[in-house]
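Take a look at the letters that make up each chain.
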Amino acid sequence: QVQLVQSGAEVKKPGASVEVSCKASGYTFTKHTIHWVRQAPGQRLEWMGWIKSDTGDPQYSQRFRGRVTLTRDTSADTSYMGLSRLTSEDTAVYYCARENTGGGGVFEIWGQGTMVTVSS
Amino acid sequence: QSALTQPASVSGSPGQSITISCTGTSSDVGTYNYVSWYQQHPGKAPKLMIFDVSNRPSGVSNRFSGSKSGNTASLTISGLQAEDEADYYCNSYTTRYTYVFGSGTTVTVL
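Top to bottom, those sequences are chains X and W. Using the working numbering, you'd call the opening residue of the first sequence number 1 and step up by one each time. Using the working numbering, you'd call the opening residue of the second sequence number 1001 and step up by one each time.
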């Protein structure tokens, strides 16, 4: 079945970097753009950016530009979200989501989420 | 990009109808018909309920419907059921190939 499986929980110190992976299965990886969304504890969903799985072209939210890097490995059907210069405000669950082929921010398939905790 | 504005909470009795609003600007909701709605239960990933303003994915109950007028999109849940109690988020495409979520609405079934 179509699914996205994310890497496990991370604990990082302030100032460090983190990378979360998102492995796709059950569909042709290069046909769908992957988006990244985060949710701090008790807070709203926050869109971070997307990466086209065929070309690798990324687009980032202005809020995270300069700190976030989205990449993908087509040989492994896996997308990655890297976030640098972490602070306690980056403590959140990070989700990857597959956009439908029609685009338009239609996210029918989501990963299970990865908890990233930033603490000294 | 500021979050789209949603009411913090909406409540209703079983069987009633409720409507959640999502107000943006002419740079997002007002210009593009790429508005979607997501339901999120505690500790779970979001679930797509409505896309392209008013379309329902396969498997989503027809009790859920969407619409848009000007800079405001709306999600209506009719025949409210206990299982509808959750957080709801709107999402819109914006200029410069980006997206923005709403502030979120907690639906309580009384």
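Simulated from the structure, these hints should not be mistaken for lab results. Just so you know, not all the hints are guaranteed correct.
Stated by the list, open to error - Cross-link-like lysine-lysine pairs, in silico, DSBU-like; alpha carbons within 30 Å at most: (1) X:Lys-23 with X:Lys-12; (2) X:Lys-31 with X:Lys-13; (3) W:Lys-1047 with X:Lys-31; (4) X:Lys-13 with W:Lys-1068.
field: Pair hint outcome, X:Lys-13 versus W:Lys-1068 [Cα-Cα no greater than 30 Å]
entry: violated, 44 Å
Restraint status (C-alpha distance of W:Lys-1047 to X:Lys-31 at most 30 Å): holds, 21 Å
- prompt: Is X:Lys-31 close enough to X:Lys-13, meaning Cα to Cα at most 30 Å?
  reply: Violated: X:Lys-31 and X:Lys-13 sit about 36 Å apart, past 30 Å.
- prompt: Between X:Lys-23 and X:Lys-12, does the CA-CA distance stay at or below 30 Å?
  reply: holds, 22 Å
The structure fails to meet hints 2, 4 from the earlier list, while all remaining hints are met.
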